[in-house]
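As you go down the protein sequences, you meet chains E and C in turn.
Counting from 1, one number per residue, gives the positions in the first sequence under this note's numbering.
Counting from 1, one number per residue, gives the positions in the second sequence under this note's numbering.
Heads up, some of the hints might be wrong.
If several chains are the same, the list does not tell them apart, and a pair holds so long as it fits within one copy or across any two.
To be verified - Under the rule of at most 30 angstroms between Cα atoms (straight-line distance), these lysine-lysine pairs were calculated in the DSSO-like manner:
id : residue 1 : residue 2
1  : K219      : K163
2  : K163      : K195
3  : K471      : K195
4  : K210      : K471
5  : K195      : K334
6  : K163      : K210
7  : K210      : K334
8  : K334      : K219
9  : K195      : K210
10 : K471      : K163
In short, the hints are calculated from the structure, not lab data.
Number of protein chains: 2
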Amino acid sequence: MDSGEFRRLGHRLVEWVADYRDRLESMPVMSAVRPGEIKARFDSAPPEEGGRMEEALAALDRDVMPGITHWNHPAFFAYFPSNTSYASILGDLVASGLGVQGMSWETSPAATEVEEVAIDWLRQIVGLSPAWSGVVHDTASTASLCALLCARERASEFGQRGKGLQSGAAPLVVYASDQAHSSIEKATLLAGFGKAHLRLIESDERHAMKADQLERAIKQDLAAGLRPCAVVASVGTTGTTAVDPVAALAALAETHGLWLHVDAALAGTAMALPECRWLWEGIERADSVVFNPHKWMGIGFDFSAYYVRDPTHLIRVMSTNPSYLLTPHDAEVKNFRDWHLQLGRRFRALKLYFFLMDVGVEGLRTRLRRDLANAQWLAAQVDLAAEWERTAPVPFQTVCVRHVPADWPTFGRDESALAKHNLRIARAVNESGEAYVTPLALKGRQMIRVSIGAEGTKRRHVERVWALLQKAAQDEAVARRP
Amino acid sequence: MDSGEFRRLGHRLVEWVADYRDRLESMPVMSAVRPGEIKARFDSAPPEEGGRMEEALAALDRDVMPGITHWNHPAFFAYFPSNTSYASILGDLVASGLGVQGMSWETSPAATEVEEVAIDWLRQIVGLSPAWSGVVHDTASTASLCALLCARERASEFGQRGKGLQSGAAPLVVYASDQAHSSIEKATLLAGFGKAHLRLIESDERHAMKADQLERAIKQDLAAGLRPCAVVASVGTTGTTAVDPVAALAALAETHGLWLHVDAALAGTAMALPECRWLWEGIERADSVVFNPHKWMGIGFDFSAYYVRDPTHLIRVMSTNPSYLLTPHDAEVKNFRDWHLQLGRRFRALKLYFFLMDVGVEGLRTRLRRDLANAQWLAAQVDLAAEWERTAPVPFQTVCVRHVPADWPTFGRDESALAKHNLRIARAVNESGEAYVTPLALKGRQMIRVSIGAEGTKRRHVERVWALLQKAAQDEAVARRP
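Chain E with its partners taken away, still in its complex shape (with noise of 0.2 angstroms):
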């Protein structure tokens, strides 16, 4: 493909993509096929000959786009939001064209130099203090690996450097909530601390983490001749948006030594809201903090934004330094190579700066609050709503529900009737293609998330999916009728 190919093609898809986004709303918002149905769509081995660039654009329309679940539906309420600005999309275009590495400073400058600038305009939208230092990473699952891989490191004095995990000294352990992500296990167990050494402790009515329980679960530890290494504090777990006592836990770790890593994965974008920053009260005392831009905030997938309060320990944990990456600069620059996994490196920066230069730290506020208020609003509609029930509280823009149905044997009676009967509500208006919204399991009780916060979500959008889950919750007292 010569430029002018690359223009005339460039321009189709330019087109592509808006008028997609044009009629994003009239197109079912959970794909319906079947499994292997996409697959089979295309030529099991790959094409001899080229220019078929006509074709792929074909089957791009054909083939592809019928397998599309789409997160920037606005009836999207599965998951979490997941906003990919055109700012952002145009910031990632640049970022394809121009094509450089930004591992090292010197492979370009300009890839270091305003990822510097945009992660700390972002610092001070969530309102950290200037005594954090950021790098854009690609997810939270990796930059939380991260801290605990720095944690690890600190409690062991660079054990890594000798005979790493397999030292023979006394286990280290890692704390965080029952409600903390997949990742925050995952993490654990890769990092080879040993699910043995995970303690998932208990949480409130509220799901957020008792911190008295951590307490006594350090106090065991110690005990047992265990050394507590890191605790986890999530501000808006995945299933509940629950928020962690981030204070009450920074307490316990500077008692006990231990790294908080602060996992606000979707919650962190709600601190560019000065009446947010309440809730994660104590934020100053940790260790590092992760949260994703590419959720609600609006950076398209990948941008996550890790800090740290000590960016030379992270890079000691992280570095290596052959003499094929020495530059002449390395003294004075940052080789952001150095502050996570990869090596490789995107210019991500450029989304971030786009998407900002766009909205404005204003105009992103007043998107938060709406998205606020419009889950603030579904939750009065819930607790108004004979049969319906409020599972969780709601700091952010995610409602938990589930349906009692009037007729239904006395609560808690038939939890797994009641499971399945919700399950079926929200298959229900999945497969009707109108909206899109996640089914979960917390504590023995099935309930259904509505995540709210696509930047094209209306109140309108709100009032029909919780008018499609009445409907769903109708039909299905219906059919169970005899």
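Since the structure of chain E is provided, determine the placement of chain C on it from the hints.
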């Protein structure tokens, strides 16, 4: 930004990318900015008000571009080719525009199934048997970390589900060549093995691992009560593209029950050429292999291809299955979130699909053969030139050279002065802006790597970098005269 503004700016940026590529050759390859110079051009605080995209685009040209080192420049001979083809840019644009998450099959079936198709095409292209299952990773660093984690868990019978590496069992040991990429050491350390349990096996005069030394190390460790766990074979080392003897390593791995991981990050692409495949003879006996289509092949960063023989084992090591990630189709489909470290997944397969439809396997092979021929041409020139040494074999597209002036003290007598001399030569070439090469210190000798294979690199560019090297050497020689 609404879709109208996106269309307007999108068209502008498509032209911008094409214009950039068209004038690439006229630009200095390496940015000449000083540390801090780019950063200083930006506000230290984020924009409160938005609507500033025009300003952002002006800043792109005025403030960002001077800090770009041009990886797709035809005179880019540093590090490794990092080809971001036009077709790949277009695939990435569509992926950004769709903004879907492919973490589970259900969250966008096409993202999973097109990836299954494309990664299997790639398997066929590099001549791997159907016994391999592939998945797209971001980088070889994380793929190799996955491989060592899988090795660790196989050797420990899923110790991570118990006491992990803190079990007190006999330590596990990892083996790699002393020429292995820094990411192998990093992965070993991060996976918790400890540097004390990493054996960097001596390489021969061709910089390939000595299989007999590996065998000796394994036996020593066994005698010392340690447990040999994994060996990493490098196919195309970063320094000189040396090739470890895969078949011999495979035999030892089989005898001693080691996991064999093959790191072919750069050179895997060469296996698209049947005439190169003898170089990794034995590959079918490995447990895992990674290579980076985001290097020489032409798929924009990031795109690593990771293949395993036992996907069930990989999934068992990497999976967590919280209720909010369960879907009705889990038994029938691939959920690629369980095939790597991250949970979130971008629709990367589109880049590869567009690329292959554009160039075809034959087009790819033609370009790769051009690059191999250019490397052989340069190697021949160096071999013929007085005062120049070729310091390594040239199995692929990288030529390692050094200049030893005729009036230099007897060879080997003043290695450090000779190192400085060659570093100055490399620096002079790089600062000329006409080409960009990477210095490399290897076994006490300073050399200069000329890594050929940017998409735009023709014979005349290789001729030019050779002329530049010779001129810089001459200038240095003159400068040294009293």
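Between K471 and K195, at a C-alpha cutoff of 30 angstroms, which is it: within one copy, between copies, both, or neither?
Cα proximity of K471 and K195: none, with 43 angstroms in one copy and 61 angstroms across.
Cα distance capped at 30 angstroms. Does K471 pair with K163 within a copy, between copies, both, or neither?
The answer is neither: 61 angstroms in one copy and 49 angstroms across copies each exceed 30 angstroms.
Cα distance capped at 30 angstroms. Does K219 pair with K163 within a copy, between copies, both, or neither?
Result: close both inside a copy and across copies, 27 angstroms intra and 19 angstroms inter.
With 30 angstroms as the alpha-carbon cut-off, assign the pair K334 and K219 to within, between, both or neither.
neither (40 angstroms within a copy, 42 angstroms between copies)
Is it within, between, both or neither when you check K210 against K334 at 30 angstroms Cα-Cα?
This pair counts as neither: shortest intra-copy Cα distance 39 angstroms, inter-copy 37 angstroms.
From the Cα coordinates, with 30 angstroms as the cut-off, is the pair K163 and K210 best called within, between, both, or neither?
Answer is between; shortest inter-copy Cα gap is 25 angstroms, intra-copy 35 angstroms.
Within a copy, between copies, both or neither: which one fits K195 and K334 at a CA-CA cutoff of 30 angstroms?
Answer is between: at 25 angstroms across copies they meet the 30 angstroms cutoff, but 35 angstroms inside does not.
For K195 vs K210, is the C-alpha pair at or below 30 angstroms within one copy, between two copies, both, or neither?
Only inside one copy: K195 and K210 sit 20 angstroms apart there, 38 angstroms across copies, limit 30 angstroms.
Copy assignment of K163 with K195, given that the CA separation must stay at most 30 angstroms:
For K163 and K195, both the intra-copy (20 angstroms) and inter-copy (6 angstroms) Cα distances are at most 30 angstroms.
Homomeric proximity label, K210 with K471: Cα distance no greater than 30 angstroms:
neither (38 angstroms within a copy, 70 angstroms between copies)
When each numbered hint is compared with the structure, violations occur for hints 3, 4, 7, 8 and 10.
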